[in-house]
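These protein sequences, in sequence, are chains A and B. Quick note on the numbering used here: the first sequence kicks off at 1 and runs consecutively. Quick note on the numbering used here: the second sequence kicks off at 1 and runs consecutively.
Think of the hints as simulated: they come from the structure by calculation, not from any bench. As the structure is a computational prediction, the values presented were derived from the model and not from experiment. Ideal placement from N, C-alpha and C gives every residue a C-beta, glycine not left out. Take these hints with a grain of salt, some might be off.
Derived coverage of chain A by chain B (criterion: at least 3 residues anywhere in the stretch with Cβ under 8 Å from a Cβ of chain B; other residues may be distant) [unchecked claim]:
no.	region
1	74-82
2	102-114
3	127-133
4	249-255
Partial list, derived from the structure: chain B residues whose beta carbon lies under 10 Å from chain A [to be verified]:
no.	residue
5	Arg130
6	Leu272
7	Lys319
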Amino acid sequence: MSVPMIEIHDLTAGYKDSPVLRDINLTVSEGEFTGILGPNGSGKTTLIRALSGVLPVVSGMIRIAGHDIRGLSPKVRARHCATVAQKNPGLSGVRALSLVLMGRYPHVSFLGGYSDQDHQRAQEAMKETNSLHLRQRGAGTLSGGELQRVITAKALAQDTRLLLLDEAASNLDVARTLDLYELLRARNASNLTVLTVAHDLNLAALYCRRLVFLKNGSVAADGPTDEIFTSQILSEIYETPLAVAAHPLTGAPQAYLVPRA
Amino acid sequence: MAAAVAFSVYAALFFGSYPLPAEAIHQAIAAMLQGQAESQELVIVRDIRLGRILLSFLTGAALAVSGGVFQGLLRNPLADPFTLGISSGAACGAALSLGLGWTLAGFSTLPLAALGGAFAAMALVLTMSRLAGDFSRESLVLGGIVVSTFLGAGIALIKSLNEESVAAIVFWIMGSFQGRGFEHVGLMLPYMLVGGTVVLLLARELDILGLGAEQAAQVGVSVGRARIGLLVGAGMLTAAAVSVSGIIGFVGLVVPHLVRMLIGPDSRPLLLFSALGGGILLLWSDVLARTILSHGAELPVGVVTALFGGPFFCLIMAKGRKA
């Protein structure tokens with residue numbers, strides 16, 4: 001068996017004196033498409049931050065592609081794992097292409113500049129996210145959705161085998177949201193491991209083959225979408241009645257809100 | 001731009017308190033290039049004028065580059081060595097070294113003392129700002145004002161105890177190149193080269209740090225190391241400039257702003273063009289400072305940069321608000 005892409009053992013992580021995540025155990029194999037779901041404050045963003053190495057591990061262990069994350073330099077870590085953060089950067093004057101090129105940083109040597117190949121990879125990634133026409137625009141002049149596509153291109157340009165996303169679709173309209181998830185599905189089909197935090201239950205159920213529910217900083221449910229996306233589990237986790245029925249076209253389970261009578 | 005630098009250096013040779021006809025200057029330049037015998041004109045053009053011109057150019061370049069680094073690193077358009085109090089720290093260290101007559105194995109400790117002062121002031125301002133909040137624009141500049149006012153008084157005190165005249169103190173606090181030349185170029189150049197090299201090598205990291213510490217770390221930047229390297233490099237540039245000229249304001253603030261408006265925010269070209277622009281600006285400010293008063297009297301060059309830089313900066317701010 002090959003080395004899992006992500007291994008989390010008894011992880012406790014969070015902020016000073018108040019761990020947000022407690023005793024997390026999770027293994028993600030290469031090529032999985034996993035959604036992280038859960039109520040507000042359940043620790044989804046904290047999990048992404050811990051996995052991307054910017055939040056120190058308090059106790060327990062995170063391995064990315066077999067390497068203890070604490071032993072990896074930021075540069076090596078960034079060759080394994082790219083992250084699309086929830087918050088957009090505050091850079092306003094920088095051109096979109098320069099922003100995407102930053103994703104090539106882990107592949108550039110200390111003295112060298114961005115090579116032709118780096119430029120090529122950046123432009124390919126922009127083409128994939130349908131943002132190539134924005135390349136000369138200043139980041140400050142882009143709409144929220146346009147900027148999100150540029151940021152996604154930056155993560156793809158990083159050329160990693162693992163992609164972490166934190167609410168990447170939050171600024172996007174319906175069509176752009178589908179564009180993004182179709183892109184993730186296509187990249188996943190060519191063996192990119194995708195781990196995405198999602199707010200939209202139904203979107204996650206349409207695209208993710210595995211779902212992990214967090215609640216109060218622990219894993220509340222974890223399994224194949226078809227098996228755990230049930231009315232009972234959802235209602236328990238979100239503490240509100242939710243009905244589940246099959247999608248009329250794809251058959252994927254979809255959740256429906258139930259008005260409180 | 002390079003042509004503008006060459007022209008500026010050449011043209012500035014024609015200005016000075018001792019009147020020399022153009023012919024004599026050209027003869028002196030020819031004599032310099034051919035290594036001919038010493039003459040009075042040659043000494044004036046080379047030792048007095050050229051040395052000072054080069055020194056003012058290098059000082060302006062160092063100040064502008066360090067200003068560009070501080071603005072990018074602290075993500076604060078008001079940051080520069082002067083507003084952050086780092087120039088005052090360097091000047092205070094330099095004044096201490098001069099006042100106490102420190103030497104180290106026969107070498108002048110002036111730039112080293114300036115460096116120590118710059119780092120101490122930097123640490124103080126950053127700590128104050130961190131205690132007051134999260135490196136906000138206001139807390140940084142407030143900290144800078146407090147530190148530079150305090151240290152300015154310290155400089156005046158050191159100089160007074162050392163029985164220097166008030167005029168000399170003013171020239172130190174407002175910055176001046178009076179009586180300075182090649183000797184001082186040699187004094188500051190090593191620090192400037194090291195500091196300049198460090199910040200240029202870290203220019204890409206400086207760009208990416210604009211994403212914020214967390215996202216910069218996610219694309220692979222060693223945030224702590226890059227920040228320290230950039231602070232040390234910019235501090236060395238400030239110390240190099242201040243140790244030979246005193247405190248000169250506005251060059252580090254205005255020049256990177258102007259260059260950013262012209263060529264955009266990518267750090268490497270921004271820093272390079274800021275160096276050239278800052279050099280030219282300070283070179284001509286110094287020409288003005290030494291020729292504007294009659295009878296051979298001089299203005300502190302910091303007076304010139306502040307008189308031009310202040311209103312100019314207001315213009316930039318007003319324009320930036322509209323855009």
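Verification of the supplied hints:
1. Only residues whose C-beta sits within less than 8 Å of a C-beta in chain B count toward coverage, and the region 74-82 of chain A has 7 of them, enough to reach three; the restraint holds.
2. Residues of the region 102-114 of chain A with a Cβ under 8 Å from some Cβ of chain B number 8, which satisfies the need for three, so the listed coverage holds.
3. Note: the region 127-133 of chain A has 0 residues with beta-carbon separation from chain B under 8 Å; the three-residue rule is not met and the coverage is violated.
4. Only residues whose C-beta sits within less than 8 Å of a C-beta in chain B count toward coverage, and the region 249-255 of chain A has 0 of them, not enough to reach three; the restraint is violated.
5. Interface hint at Arg130 of chain B: violated, since its Cβ lies 16 Å from the closest Cβ of chain A, which is beyond the 10 Å cut-off.
6. A distance limit of 10 Å between C-beta atoms decides the matter here; for Leu272 of chain B the minimum to chain A is near 13 Å, and the interface restraint is violated.
7. About 14 Å separates the beta-carbon of Lys319 of chain B from the nearest beta-carbon of chain A, more than 10 Å, and the hint is not met.
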